[in-house]
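Engineer: Chain residues, written in single-letter form:
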Amino acid sequence: MPLYLTALFVLLASALAALASGRGRAANLLGPLGCLLGCLLGLFAAATALFSPAPPILRLPWSVPYGAVSLTIDPLSALFLLPVFILGAAAALYGRGYLAGLAGKRHLGGHWFFFCLMVLGMALTVCATNAVFFLVSWEIMSLAPFFLICLHHEEDRVRAAARTYLFAAHLGTAFLMAFFLILGHLAGSMEFSAMARVAPDVLRPFAPALFFLALAGFGVKAGIVPLHVWLPEAHPAAPSHVSAFMSGALIKAGVYGVLRSLTFLGPLAPWMGQTLLAIGILTGVLGLLAGIGQGELKRFLAFSSIENMGIVFLGLGLGVLAAATGHPGPALLAFSGLLFHVINHALLKGLLFFGAGSVLHAVGHGFMERLGGLSKRMPFTATACVLAGAAISGLPPGNAFFGELLIYVGGGMAAMDMPLTDAVWAWTGVAGLAFIGGLSVIGFTRAMGIVFSGEPRTTDAADAQAHDPAPLMRAAMWLLGLLALGAALAAPFLFTAMLPAARLLLAGQSTALPVLPSATVNPEALLTAAAIIAFGAAVLALVLAYARSRLLAGRSVRSHGTWDCGYILPAPRMQYTASSYAEPMTVLFRRLLGEKRLFTPPEGLFPATGSSRFASETPDRVKDGFFTPLFSAVLTACDALKRFQQGNLNLYILYLLATLVILLAIALGFAP
Amino acid sequence: MTARVLAVLLPLVLAPLAFGVIHRVKARFAGRQGKPLTQIYLDIRKCLGKGATISRTTTWLFRAGPTINLAATLAALPFVPLGGLPAAVSFPGDIFVFVYLLAMGRFFTIMAALDTGSSFEGMGASREAVYSCLAEPMLFLALLALARHSGDLSLSGMLSAVSAGSWLTGAPVLALVTVALFLILLAENCRVPFDDPNTHLELTMIHEVMVLDHGGPDFAFIEYAQTLKLWIFAAVATSLLLPAASGVLAWDALWGLAGVFAAAAAVGVTESVMARLRLTRVPPLLAAAGAFAALALILVGG
Chain A
1 MPLYLTALFV LLASALAALA SGRGRAANLL GPLGCLLGCL LGLFAAATAL
51 FSPAPPILRL PWSVPYGAVS LTIDPLSALF LLPVFILGAA AALYGRGYLA
101 GLAGKRHLGG HWFFFCLMVL GMALTVCATN AVFFLVSWEI MSLAPFFLIC
151 LHHEEDRVRA AARTYLFAAH LGTAFLMAFF LILGHLAGSM EFSAMARVAP
201 DVLRPFAPAL FFLALAGFGV KAGIVPLHVW LPEAHPAAPS HVSAFMSGAL
251 IKAGVYGVLR SLTFLGPLAP WMGQTLLAIG ILTGVLGLLA GIGQGELKRF
301 LAFSSIENMG IVFLGLGLGV LAAATGHPGP ALLAFSGLLF HVINHALLKG
351 LLFFGAGSVL HAVGHGFMER LGGLSKRMPF TATACVLAGA AISGLPPGNA
401 FFGELLIYVG GGMAAMDMPL TDAVWAWTGV AGLAFIGGLS VIGFTRAMGI
451 VFSGEPRTTD AADAQAHDPA PLMRAAMWLL GLLALGAALA APFLFTAMLP
501 AARLLLAGQS TALPVLPSAT VNPEALLTAA AIIAFGAAVL ALVLAYARSR
551 LLAGRSVRSH GTWDCGYILP APRMQYTASS YAEPMTVLFR RLLGEKRLFT
601 PPEGLFPATG SSRFASETPD RVKDGFFTPL FSAVLTACDA LKRFQQGNLN
651 LYILYLLATL VILLAIALGF AP
Chain B
1 MTARVLAVLL PLVLAPLAFG VIHRVKARFA GRQGKPLTQI YLDIRKCLGK
51 GATISRTTTW LFRAGPTINL AATLAALPFV PLGGLPAAVS FPGDIFVFVY
101 LLAMGRFFTI MAALDTGSSF EGMGASREAV YSCLAEPMLF LALLALARHS
151 GDLSLSGMLS AVSAGSWLTG APVLALVTVA LFLILLAENC RVPFDDPNTH
201 LELTMIHEVM VLDHGGPDFA FIEYAQTLKL WIFAAVATSL LLPAASGVLA
251 WDALWGLAGV FAAAAAVGVT ESVMARLRLT RVPPLLAAAG AFAALALILV
301 GG
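If you read the protein sequences in the order shown, they are chains A and B. By my numbering, the letter at position 379 of the first sequence is numbered 379, and the numbering carries on one by one without gaps. By my numbering, the letter at position 14 of the second sequence is numbered 14, and the numbering carries on one by one without gaps.
If you're looking for bench data, these hints aren't it; they were derived computationally from the structure. Among the clues, some could well be false.
[Unchecked claim] Computed spacing ranges between beta-carbons, pair by pair:
(1) B:Arg45 / A:Pro607: 33 to 41 Å
(2) A:Ala490 / B:Leu279: 16 to 24 Å
(3) B:Leu203 / A:Gly554: 34 to 42 Å
(4) A:Pro471 / B:Ala291: 49 to 57 Å
(5) A:Ala615 / B:Thr280: 16 to 24 Å
[Unchecked claim] Capping the alpha-carbon separation at 25 Å, the derived lysine to any residue pairs in SDA-like fashion look like this:
(6) B:Lys46 / A:Leu181
(7) A:Lys623 / A:Val634
(8) A:Lys376 / B:Lys26
(9) A:Lys376 / B:Gly34
(10) B:Lys46 / A:Ser556
(11) B:Lys46 / A:Arg621
(12) A:Lys623 / A:Val69
(13) A:Lys376 / B:Arg63
(14) B:Lys50 / A:Lys623
(15) B:Lys50 / A:Leu542
(16) B:Lys50 / A:Leu544
(17) A:Lys596 / A:Pro570
(18) A:Lys642 / A:Leu657
(19) B:Lys46 / A:Val634
(20) B:Lys50 / A:Val634
(21) B:Lys26 / B:Ala171
(22) B:Lys46 / A:Leu542
[As the list claims (entries may be wrong)] Quick look at which bits of chain A chain B covers, simulated, 3 or more residues with Cβ under 8 Å:
(23) 338-344
(24) 361-368
(25) 385-393
(26) 556-567
Glycine is no exception: its CB is placed at the ideal position from the N, C-alpha and C atoms.
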């Protein structure tokens with residue numbers, strides 16, 4: 001605990017130091033340096049807490065009513081601290097390089113102030129064990145990104161995205177307040193420990209309401225469909241190190257919240273698992289289907305984050321369903337799988353956003369249709385992105401594979417053991433996860449293939465200035481890449497680290513807790529065997545590559561243009577584009593996605609140049625079909641209220657008087 | 001032990017022969033003599049002996065594609081039993097590792113295709129990605145039906161649990177799963193009616209068009225990996241139809257080989273009697289495979 005508090009103090013101090021050191025270079029040194037230091041300290045604290053038998057606890061009185069500074073680093077908190085501090089450190093490194101050109105042009109002191117505050121807020125959020133204190137930390141964590149997204153506030157797009165983010169964050173908090181008020185009322189205290197001890201009989205009538213309040217409130221942060229609309233707006237608008245932190249760590253706060261609130265809801269019910277599972281599949285599939293239609297790299301990555309949250313909720317749903325129906329073995333596998341996936345996604349998505357940031361930094365934009373061939377000029381970024389893309393699609397030996405494998409095996413065991421009515425859900429879960437995996441392969445081969453492979457499609461992509469990022473930014477990418485590799489290699493060991501947190505989720509259940517998930521499946525042996533085979537395949541690939549180079553040594557290896565079926569004059573614009581690559585999917589799911597096509601066909605026998613046009617875009621149907629009408633209806637309703645708000649002081653005094661008279665009448669009327 | 005080694009060694013040696021069987025069956029249907037059964041061995045050897053011409057547009061991804069694909073297919077091979085011969089490697093949950101290894105090979109094949117910047121190869125890559133994305137959930141449903149039927153979550157375990165006796169009790173389930181697996185075999189191996197490897201138009205091909213630019217040893221790797229992949233799916237799809245292990249090594253091996261070659265012949269017959277489907281008709285066919293598998297699952301569940 002002292003180490004953790006020191007880390008928080010360092011973060012706070014560096015936030016203030018950055019703010020005090022003004023707009024320029026000094027802030028861009030102090031801010032990231034302090035953030036890095038704080039995060040490294042915090043990382044150490046989290047790792048120690050993860051393996052300590054008794055969770056460190058701190059409790060201080062606080063003058064806020066019902067509030068107390070209560071902090072506990074239990075296994076679940078410690079696990080969620082890992083992505084916070086890892087990405088905090090990596091983003092600080094990357095951000096310093098990313099912002100170097102902006103020193104003096106933007107208020108970097110303010111930027112780093114809010115950045116440190118965001119890391120601090122999230123570190124507090126996942127450890128807070130008093131509802132009031134939790135909500136305050138939650139708000140610090142939620143408000144800071146608004147200012148970070150606004151870095152390039154002169155662009156309309158950025159301002160609109162920041163506004164959407166702010167609305168979403170606040171609506172989410174409103175649900176959370178209701179959730180904690182009801183729960184606190186039932187528990188008679190705002191302490192989490194009291195909330196977890198509410199008698200099941202008292203809780204039962206409120207459980208569905210509480211479940212959906214938590215799902216709505218935390219789900220907004222996690223980006224589950226249909227509450228995801230802020231994510232694809234905010235991530236592309238924010239500077240890349242901020243999007244990396246938001247996507248890698250911040251949205252995980254939503255997952256943490258759902259997990260934590262499940263421990264308050266007493267015995268889990270099958271319908272909760274089914275709901276979570278359905279939401280998970282929907283989020284995963286719709287997130288990627290929409291993502292496959294996107295033309296901008298960071299926007300696609302944001303949709304991929306939505307998809308990965310879908311995988312997490314899918315695992316959670318499987319686990320809750322299994323736990324609720326008396327199958328603790330599969331439940332434990334699914335829970336540890338989803339926790340593993342949270343860490344894996346943090347590392348990989350951080351790396352991918354850094355890669356996308358490097359493309360943006362080098363070329364100036366991320367529109368796939370105008371890029372191409374970047375791997376020649378940015379070999380490091382291209383290699384990192386392709387490998388991270390393969391890994392995040394769940395392919396072995398990437399780290400995400402091992403997390404998904406645990407969810408798969410949990411689902412497979414559930415599908416074998418459960419009675420038919422429940423097993424149908426498990427089958428759907430496994431098939432859904434496979435479909436999400438396949439979609440992810442489409443999405444990432446498309447994004448990486450179009451951006452980095454082939455020939456440059458436009459002059460800005462062909463610009464010789466495009467180059468790999470500065471050493472510090474590369475260091476941040478190396479850090480995350482090596483950690484991802486380490487996570488894959490240490491998968492069996494990491495599973496043991498996940499187990500206490502996974503057990504925590506099962507603690508409230510009536511079924512007996514097994515030491516290991518099942519007699520038939522030994523997860524450590526499973527992960528070890530899978531790791532040996534997967535890395536064996538990688539080693540085999542290296543051996544074959546060596547054999548290939550030996551075979552070709554001394555033979556003629558010629559360089560030539562792409563054969564292209566004998567067509568000798570290919571122009572870069574004739575290459576397959578991002579939208580043509582996605583076309584089979586957008587056609588297949590046209591009803592669902594509502595892809596819009598604008599086509600002006602060529603006319604006459606000899607159409608003039610430029611007379612024909614084709615464009616396609618995939619709008620967000622949830623946003624356009626639900627939230628936009630909803631908010632415009634709210635706005636219209638608010639307009640109607642203007643009638644009462646004339647700005648006339650006499651009128652307001654009249655309102656006051658009328659209110660007082662009415663209240664008096666009520667008070668007299670009800671008096672005994 | 002010998003059985004486990006044989007289950008890996010036989011496909012390594014004989015997989016190209018199964019391809020020869022397909023060609024021979026197709027040739028006989030067309031009234032031709034057909035090329036020698038061992039032609040593909042000669043092709044692979046010829047390619048291994050050649051130099052290479054590599055596009056200037058490409059990077060390491062293009063060269064890595066065939067290598068990684070072959071390595072991934074080889075790594076998936078030990079999970080596959082052969083008739084009565086148990087798989088070399090088997091543990092509960094290995095079906096997921098097995099399928100994802102094949103997906104890894106596919107990912108890098110697609111990346112290598114996109115690396116050339118050719119529209120043809122982009123088209124093939126796009127279709128391959130889409131069809132495999134639709135086929136994978138169906139494959140898992142079929143395997144889950146078997147898992148529930150046999151109570152075993154390993155590929156080898158669930159396949160070897162099927163015996164003549166289980167056909168008496170669970171014939172509908174096993175028949176449905178076999179049909180689903182055969183459809184998935186055709187889709188994953190890019191055979192008619194999903195894809196036609198022998199058309200004269202690159203526009204209409206899927207897998208073959210992705211590897212247009214590869215030559216020399218790279219192409220040998222691709223061809224060999226392709227024959228192995230066909231073997232893998234043929235062994236999985238037909239082992240349900242074979243009698244249980246007799247315990248006599250030679251018999252078990254022979255039955256396994258008969259199954260694989262019969263599946264190859266069935267592929268040849270399918271290719272001869274029907275045309276390739278229009279691309280828009282492919283997803284419904286894959287959905288049909290999924291429907292068979294789902295039906296099987298529900299029947300087991302009862």
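Engineer: Compare the structure with each hint and give your call.
Structural biologist: Okay, the hints, checked on the actual structure:
1. B:Arg45 / A:Pro607: 33 to 41 Å: About 52 Å separates the Cβ atoms of arginine 45 (chain B) and proline 607 (chain A), which means 33 to 41 Å is violated.
2. A:Ala490 / B:Leu279: 16 to 24 Å: violated (44 Å)
3. B:Leu203 / A:Gly554: 34 to 42 Å: holds (37 Å)
4. A:Pro471 / B:Ala291: 49 to 57 Å: For proline 471 (chain A) and alanine 291 (chain B) the Cβ distance comes to about 55 Å; the hint holds.
5. A:Ala615 / B:Thr280: 16 to 24 Å: Distance hint for alanine 615 (chain A), threonine 280 (chain B) holds at roughly 23 Å.
6. B:Lys46 / A:Leu181: Outside the cut-off at roughly 76 Å; violated.
7. A:Lys623 / A:Val634: holds (15 Å)
8. A:Lys376 / B:Lys26: Violated: lysine 376 (chain A) and lysine 26 (chain B) sit about 44 Å apart, past 25 Å.
9. A:Lys376 / B:Gly34: violated (45 Å)
10. B:Lys46 / A:Ser556: At roughly 15 Å apart (the allowed maximum being 25 Å), serine 556 (chain A) and lysine 46 (chain B) satisfy the hint.
11. B:Lys46 / A:Arg621: Since the Cα atoms of lysine 46 (chain B) and arginine 621 (chain A) sit roughly 54 Å apart, the hinted pair is violated (cutoff 25 Å).
12. A:Lys623 / A:Val69: Measuring from Cα to Cα gives roughly 38 Å; hence the hint is violated.
13. A:Lys376 / B:Arg63: Distance ~15 Å between lysine 376 (chain A) and arginine 63 (chain B) Cα, so the pair holds.
14. B:Lys50 / A:Lys623: Not OK: lysine 50 (chain B) and lysine 623 (chain A) at ~56 Å, beyond 25 Å, violated.
15. B:Lys50 / A:Leu542: Distance ~21 Å between lysine 50 (chain B) and leucine 542 (chain A) Cα, so the pair holds.
16. B:Lys50 / A:Leu544: Holds: lysine 50 (chain B) and leucine 544 (chain A) sit about 16 Å apart, inside 25 Å.
17. A:Lys596 / A:Pro570: violated (29 Å)
18. A:Lys642 / A:Leu657: holds (20 Å)
19. B:Lys46 / A:Val634: Measuring from Cα to Cα gives roughly 72 Å; hence the hint is violated.
20. B:Lys50 / A:Val634: violated (71 Å)
21. B:Lys26 / B:Ala171: Judged against 25 Å, a Cα distance of about 30 Å means the pair is violated.
22. B:Lys46 / A:Leu542: Roughly 23 Å separates the two Cα atoms, so the pair holds.
23. 338-344: violated (count 0)
24. 361-368: Three-residue rule not met by the segment 361-368 of chain A, so violated; n is 0.
25. 385-393: Coverage by chain B holds here, the residue count being 3 at a Cβ distance below 8 Å.
26. 556-567: It holds: at least three residues are needed, and the segment 556-567 of chain A offers 10 whose Cβ sits within less than 8 Å of chain B.
Comparing the model with each numbered hint stated earlier shows that hints 1, 2, 6, 8, 9, 11, 12, 14, 17, 19, 20, 21, 23, 24 do not hold.
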